[in-house]
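Based on the provided sequences and hints, a complete structural model is requested.
Residue numbers in the sequence shown follow this note's numbering, run continuously in steps of one, and reach 298 at the last position.
Errors might be hidden in some of the hints.
Just the calculated beta-carbon pair ranges, DEER-fashion [claimed, not checked]:
(1) R110 with D192: 36 to 42 Å
(2) L271 with D116: 25 to 31 Å
(3) P201 with L228: 18 to 24 Å
(4) F285 with T221: 34 to 40 Å
(5) R224 with P293: 33 to 39 Å
(6) A199 with D145: 40 to 46 Å
(7) G112 with Q261: 20 to 26 Å
Hints listed in this document are in silico derivations from the structure and should not be mistaken for laboratory results.
Keep in mind it's a predicted model, so treat the numbers as computed, not measured.
By construction, the Cβ of each residue, glycine as well, lies at the ideal position given by its N, Cα and C atoms.
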Amino acid sequence: MSFFRYPDGRDEPSVGPMSRVAVVTGATQGLGLALAEGLAQRLSTADTVYLTGRDVDRVRQAVDAMPAGGARVRGEIFDVGEPDSAARFAGLVRERHGGVDIVFGNAVMRVGPDDDPRVIIRPYTEVNNFGTTRLLRAFAPLVRDHGSLIVVASSLGTLHHLAPVLHSRFDGLTTLDEVDEQVAAWRDAVEDGSARAGAWPGFVNIPSKIAQVAAVRALATQRRDTDLARGILLAAVCPGMINTPTSALWWDVRDAPSPAQAATALLDLVLEPVKPEHYGELVRFGQVVPFKPETGHP
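As structure tokens, then:
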């Protein structure tokens with residue numbers, strides 16, 4: 001099911017071989033919505049932005065609310081928590097456009113302070129983690145020269161926030177299958193209660209974000225040379241604290257940037273020339289956030 005907002009009132013804008021295609025998951029609210037709107041405003045009328053989400057009404061409303069001008073906005077139903085959805089949607093994009101230029105993996109299941117981790121951990125990892133690795137598998141082969149494949153993560157996604165005894169779970173992984181195996185083992189430990197007796201943090205967002213960054217790093221080990229030769233950026237990004245209702249459940253965000261303000265640095269990252277030092281890393285405000293603590297200091 002598709003919903004459209006065309007830039008100039010025509011039934012179908014002209015789309016040529018140089019037209020760019022962008023995909024944003026989790027785009028019906030917050031940062032995802034701001035990313036879709038920002039891309040629509042900063043790309044040309046020949047380009048297409050896919051605003052995706054899992055709820056039909058919210059996708060339609062988000063597309064209808066897009067400001068006029070800029071790229072065509074095309075709303076599509078895409079639930080990253082469904083096992084076959086990423087491959088299916090990637091196939092649709094390939095059939096329509098032949099490839100993709102910008103992908104923001106932003107879909108997330110939110111967790112609140114009152115949620116029982118044992119109850120929510122299975123659907124939570126299905127969206128946040130397995131949804132991420134499915135997206136990477138499906139869209140990495142479609143990214144065109146000078147394109148970007150970005151996973152929205154967090155500065156919590158580093159080994160600094162995990163007990164040293166657990167670092168080996170996510171450090172040095174070289175395939176997405178290995179990442180999925182570690183996520184499944186952690187999920188099962190949370191679900192059966194054994195994680196509470198170990199070194200795992202009670203805040204499930206920490207291992208989840210670490211696994212997202214580990215997934216980017218694992219895929220980067222396989223694609224680095226080819227991607228950099230083609231000017232492609234694969235990275236995780238931290239948008240910083242954002243003033244949203246969900247963040248407000250955990251922190252005082254009254255002085256934090258709005259989603260639109262937070263989106264600016266992410267849009268700059270994908271629309272400006274690629275910096276090789278960003279490849280395969282977690283990037284925050286244009287700077288690399290080290291994944292693991294430095295060693296060897298006296």
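Hints, one by one, checked against the model:
1. R110 with D192: 36 to 42 Å: About 23 Å separates the Cβ atoms of R110 and D192, which means 36 to 42 Å is violated.
2. L271 with D116: 25 to 31 Å: Roughly 41 Å apart at Cβ, these two residues miss the hinted range, so it is violated.
3. P201 with L228: 18 to 24 Å: At 34 Å between Cβs, range violated.
4. F285 with T221: 34 to 40 Å: violated (25 Å)
5. R224 with P293: 33 to 39 Å: With a Cβ separation near 23 Å, R224 and P293 fall outside 33 to 39 Å, so the hint is violated.
6. A199 with D145: 40 to 46 Å: holds (43 Å)
7. G112 with Q261: 20 to 26 Å: holds (24 Å)
Comparing the model with each numbered hint stated earlier shows that hints 1, 2, 3, 4, 5 do not hold.
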